[in-house]
Amino acid sequence: MPKRVGIEVSLAASEAACAADVDVIAADPVTPQTHIVEHLSELVADGELDAEFMPVESEHSAMSACIGAAAAGARTFTATSAPGLALMHEIVFIAPSLRTPIVMVVANRALSGPISIWNDHSDIMAERDCGWIQTFAENGQEVFDLIIHAFRVAEDPEVLLPVIVNMDGFTLSHVIEPIEMLSASEVSEYLKPYNPQMVLDPREPITMGPVGVPEMYTEARYQAESVLNGSKKVIVKAWKEFAKLYGRSYKPIETYRTEGAEVVLMTMGSVTETAMTAVDRMREKGIEVGLMRFRLWRPFPVQEFRRAVKGIKALAVVDRAISFGAQGGPVCSKVKSALYGAPDQPQVFGFISGLGGRDITVEMFEEIVKKAIRYATKGKGPMYELIGVRER
Amino acid sequence: MIEIRVHGRGGQGAVTSTELMALAAINEGKYAQAFPSFGPERRGAPVMAFVRIADGPIRTREKVYQPDVVVVLDPTILKIVDVTAGLKRNGMVILNTSKDEEEVRKTFGIKAKMALVDATSIAMKQLGRPITNTTMLGALIKASGVIDIKSMETPLKKRFGRIAEKNLNAMREAYEQAQ
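Chain order of the listed sequences is A and B. The first sequence maps to residues 1 to 392 in my numbering. The second sequence maps to residues 1 to 179 in my numbering.
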């Protein structure tokens, strides 16, 4: 059994890309992603990783370079954070359309303004509909494992889509914790060399990314949507094989102590662990509460979700971003729409918390659960609530 | 689980000290978590860093609000920061000071259990600089007993290279002197 080593989660992310033996890294440093690309450039400079490191001048160029590299058949990695991801926005949408299996880590950070370097999910929610597979890590171990998994899924001939692995900026990226690392040779059992289906090669020229005339655009978008939805079975299968080889098992949705729960908290990302502690503490006091969290955000695992909520009376969904003008958070909106028309729906109450790095505490989860129980008993609650906001 | 909060000023190595402590604990087979209070920290401004050490997986990511142990790298912090805020009952404050216990209690009104060490003098002697983070680790390990002082050798050597020995000596001297 591999030994746990103490390492900063950002460095573990770089080590995962290294263990995956990437060919090309194109990135620009941005807080709080910086340590990932710093360490990768070290690994390349020290000869530990045989890859091309392209220190581009902007994220728009980073993603353009990644697409070019992946189109030429290279295993490609990048990482970014809020302002960088926003600058990349235009090109992010092109990667899935060209079926370039890039893996990108997003160290989640709040979008400006006001300017914030701290953690929330507003950056990734602005890219929600970009057509990439998107997963969320709960801890450092998962960051490492999800990156390895991401390459396996992305490069599967049935998929050929780019994957974003989300990890909370600072609250995950800058924490030192124990992680079981896998070496490149251990990973090579799981991740075979990338075998591209089609490559840009001057000797056998093809066109990638031509104009999509109105007669073709709808069909192209239909394909992008079909392949993304269809990727779920590959994602799940790849997790099962990961468990067989390395002993850690992952699912699109995880549940924790949901049996007989009056209210179930729903989270995404690193706050899940804090929520688990809150659940344990409340269960000790006799409050029947459980926890559910999304590991897979896109494609949204709708069947798994409907199965998981069966018999649950109320959900308290905790969002880390505001969907401005939509009266709630993006996760809660998706949860509600996924439940619409399902039999025996739970009541859903939306909470928004931890914006721009505000700490999410065990106590805060206890407050959310208490409120949700009260609303569930009454049979109604507000459209959504911003937890801990000072109105004056 | 033991929760530790380190107070210092930007540039004094508060964050490094928590990282080294966590690495040592993980090398011992324990679980640990080290992280700074993230912010636009400037050299000289008061900063905080946190460590949790436990026998099993740690499942919380909130800051440390109710520490078992508080470490103060810089005595001038006491005038501007309430370092005992949230300290657990039976919690302990480990202080870098040249003053004696009675004087510290009188001046700053600290009622909690204390361990004192003149870390600045030790650091000046061993390192030639008033950087007290590794020195204070010696006092912290002595007072808390949470890890074996020998476990600090590997992470310190990796971190400090050729100046590791000086830092180890400073740490060991504080370990002997802390009371």
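The hints are simulated quantities; they were obtained by calculation from the structure and are not laboratory data. The beta-carbon is built from N, C-alpha and C at its ideal position, and this holds for glycine as well. Check before you lean on any hint, since a few could be wrong.
[Unchecked claim] Away from chain A, derived, C-beta distances all over 12 Å, residues of chain B: (1) Val15; (2) Arg52; (3) Lys63; (4) Lys111; (5) Gln126; (6) Lys157.
[Claimed, not checked] Computed Cβ-Cβ distance ranges for the label pairs, DEER-style: (7) Arg374(A) <-> Arg129(B): 32 to 40 Å; (8) Arg221(A) <-> Asp82(B): 56 to 64 Å; (9) Glu165(B) <-> Pro202(A): 40 to 48 Å; (10) Pro55(A) <-> Thr76(B): 17 to 25 Å; (11) Lys111(B) <-> Asp280(A): 28 to 36 Å; (12) Glu165(B) <-> Ser58(A): 51 to 59 Å; (13) Lys244(A) <-> Asp148(B): 36 to 44 Å; (14) Ile80(B) <-> Ser58(A): 53 to 61 Å; (15) Lys157(B) <-> Pro202(A): 29 to 37 Å.
Now the hints, each set against the structure:
With 12 Å as the threshold on Cβ separation, the claim that Val15(B) sits away from chain A is violated: the shortest Cβ distance comes to roughly 9 Å. The claim that Arg52(B) is not at the interface with chain A is violated, since a C-beta of that chain comes within 12 Å of its own (minimum 9 Å). Not every CB of chain A lies more than 12 Å from the CB of Lys63(B), the least distance being 5 Å, so the non-interface label is violated. Non-interface status of Lys111(B) relative to chain A is upheld: no Cβ of that chain comes within 12 Å, the nearest being about 25 Å off.
For Gln126(B), the condition that its CB be more than 12 Å from all CB atoms of chain A holds, with the nearest at approximately 25 Å. Against chain A, the non-interface label of Lys157(B) holds: every CB pair exceeds 12 Å, the least being about 14 Å. Evaluation of the 32 to 40 Å hint for Arg374(A) and Arg129(B) yields a failure: the beta carbon distance comes to about 57 Å. A C-beta distance of roughly 58 Å is found between Arg221(A) and Asp82(B), which places it inside the suggested range of 56 to 64 Å.
Between Glu165(B) and Pro202(A), the C-beta spacing of about 57 Å breaks the proposed range 40 to 48 Å. Our hint of 17 to 25 Å for Pro55(A) and Thr76(B) is violated, since their Cβ atoms are close to 41 Å apart. Take Lys111(B) and Asp280(A): their Cβ atoms lie about 32 Å apart, and the range 28 to 36 Å holds. The given range of 51 to 59 Å is broken by Glu165(B) and Ser58(A), whose C-beta atoms sit roughly 44 Å from each other.
Checking the proposed 36 to 44 Å range against Lys244(A) and Asp148(B) shows it holds: the Cβ atoms sit about 37 Å from each other. Between Ile80(B) and Ser58(A) the C-beta distance comes to about 41 Å, which lies outside the given range of 53 to 61 Å. The beta-carbon spacing between Lys157(B) and Pro202(A), approximately 51 Å, falls outside the hinted interval of 29 to 37 Å.
Of the numbered hints given earlier, the model fails hints 1, 2, 3, 7, 9, 10, 12, 14, 15; all others are met.
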